[in-house]
Amino acid sequence: MSRFVFAPCAFALALAVSPALAAGEADLAEIREQIRQLKESYEARIQALEQRLQAAETKSAAAPPTAEALTASAPVASSTPASGIAAFNPAISAVLQGVYANMSQDPNRYAIAGFAPSGSIVPAKRGFSIAESELTLTANVDDKFYGNLTFSLSPENTVEVEEAYGLYTAAPYGLAPKFGRFLSGIGYLNDQHQHAWDFYDAPLVYQAFLGGQFQNNGLQVKWVAPADVFLEFGGEVGNGDSFPGNDRNKNGVGNGNAYVHVGGDVGSSSSWRAGASYLQTAAKDRTWTQTDLAGNDATLAFTGRSRIAVADFVWKWAPNGNAQDTSVKLQGEYFWRRESGDLTYATTDAAGVTQTGNYRSDQRGFYAQGVWQFMPTWRVGARYDWLNPGSVDYGANGLYLANGSFNPQRTAVMLDWTPSEFSRFRVQFQQAKLKPDLTDNEIFVQYILTLGAHGAHKF
Amino acid sequence: MASRIRILLGLLLAATAAPALAVLNVLATVPEWGALVDELGGDKVKVYVATNAMQDPHHVEAKPSLIARARSADLVVATGAELEIGWLPLVLQQSGNPAIKPGKPGYFEAAPYVNLLDKPTRLDRADGDVHPGGDPHIQTDPRNIAKVATPLAVRLAELDPANAAFYQSRYKAFSERWNAAVATWEKQAAPLKGVKIVVQHKAFTYLIAWLGLKTIAALEPKPGVEPTTSHLSEVLELLQRDPAKMVLRAAYQSDRASQWIAERAKINIVVLPFTVGGDDAAKDLYGLFDDSIARLLKGAQ
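Residue numbers (this note's numbering), protein chains in the order written: chain C, 427 to 885; chain P, 167 to 467.
Mixed in with the good hints, there may be bad ones.
[As the list claims (entries may be wrong)] Listed next, the in silico SDA-like pairs over lysine to any residue satisfying Cα-Cα at most 25 Å (straight line):
(1) Lys267(P) with Thr729(C)
(2) Lys270(P) with Tyr591(C)
(3) Lys267(P) with Asn515(C)
Honestly, the hints are just simulated from the structure, not real lab data.
Let's have the full structure, built from the sequences with the hints guiding it.
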């Protein structure tokens, strides 16, 4: 073995000696240092190879295939991994987004008739703006945990923690527990980040019922059944501060949800997934402003339970499962929401009426969309949104309040170009009728750029 | 009610607790490793292949069916070298199966056992689909298959020690037959040495190195980037000065670019099966190379 170590050293030495006679002291030192390094690196490599050989021998001793296998089963020596403190840096990826928006109605007055305001759901401001940027760090923590941190950087220069969770990767029985803050697994689109959606903005059902996306601060456990067909169960508990709930300054569990997903392939060209989800949460003094029957602005505060059920379906087709040239994706989700509890009505004028009465609402809606990749890198898509404000029983407050029967609707078409896995450009046109007698024509031109670690191809 | 729940839970646990291995459930990411596991494992293994020869193994999604198969897999056989980076990590994570995590005996990667070619000297996405470790399409050289078979046989025996002798004898038989076949292919392919070719995607690095073919150009301007008309015109110009015999593409790739260049440069199109199942003749690993060599020889005429 030592012959291998010293042969190159001797060779290097021979090369080095003759010019060194003429060279100065500094050159000599440098050459010595190089030889030392060369020797060290060879020794280290040979040691590593010996260790590998030993490992392979002990392994093969337990189950010896052939003599040939002993030497061959050691992996080919690859380049030395990065050393020092940088070696364990997490994988970093960033998403840059921007949009040009043209809207015929004032986005500052964006609201969906018949549905209580649900948070920041305004699609964009008029003109050029950057949309949400995202920064994600992920890595295995140790042999038992995996961690993910996703910041969302808003165009208004605020930083939000979109996701910050740990995943217990060593759990038995196929359980996958997640804890921290994460996008809930309810529905199909909810746990996908906005830049992965096929349209610029969220479907109306997500805007009206979940305030965009349902973020859970708490625990999640998922379990995939050991079967040939995909069958997944999931359950979550959290503190319940995401819409339709709110922060209630309360110990214990604030929201709970459960879902089941089934899926599989049909032949080699089609894949599908269907799911059913149920979410239960509660709100305390969830406040908004609504025009009462007299035409005045009144402050309403809801305290009570909110329950949502979702049915979702997605189907993807590509010839032989190869989406290089062409592919089709169809998806749809149906939402139901029932809220029951008390509603406090307070006028904002000098009369100062305040009254609390029973409140109960049953509302629903759906969206359906299709995306067709008609040639490499180019896709077109269409989406239809529909909401039903349903029946709202204001109890004693029925004297002052009524809910219309107007069905908000929206129709969108989009065209996008995806030159590589890491960039996408999209044009979207949509006509939104979110309030009676008002039509909003919206145009979005959007870019999405992904930097850094390779993203996952989620189904 | 409570007792019913307890019975249900008991059943669930019983279903998930690892039973004595009747057969080893293997999830292979690409058809060549599925075929190799079949050669080595015979009826002691049950193989599910995640992709077919008509799919680009880079661009697969973490489909529900794959998560389901990963859930009950005892062994995952992958290429590695970032071939499956877009989907396999997610499939493994979502399956909740700790036995097949990277680093565990239930996770096997082929790439570390072969010498990877085409290691990029700089890592920059401006250069297209760059694989930091080198070209992952290692299966186009049959000698790589042999290199992977050795540690794979060891791994099968390690996971299923009761059948260690069985895997050993299958490995020995395969190894002998395979080495003889490689010698035959090399003899058949001797006229291909030095033959000039054009490739659509840089997917045949190992095949080209093995047979001594000479690549003049690639139709993709950069790996993984769709051929553009301007780049194709450049290739055409190049071919008029330095003619090639044929243009190579894998079965899963679109035929437009190769057809365009073949018509104008008057050269043959050779569609290689690329992996097991890529055409009717490539039914197994032997068929894959029998057919590939035959097609190349025909294209070189």
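Practice task
Return the numbers of the hints above that this structure violates; sort them in rising order.
Solution key: 1
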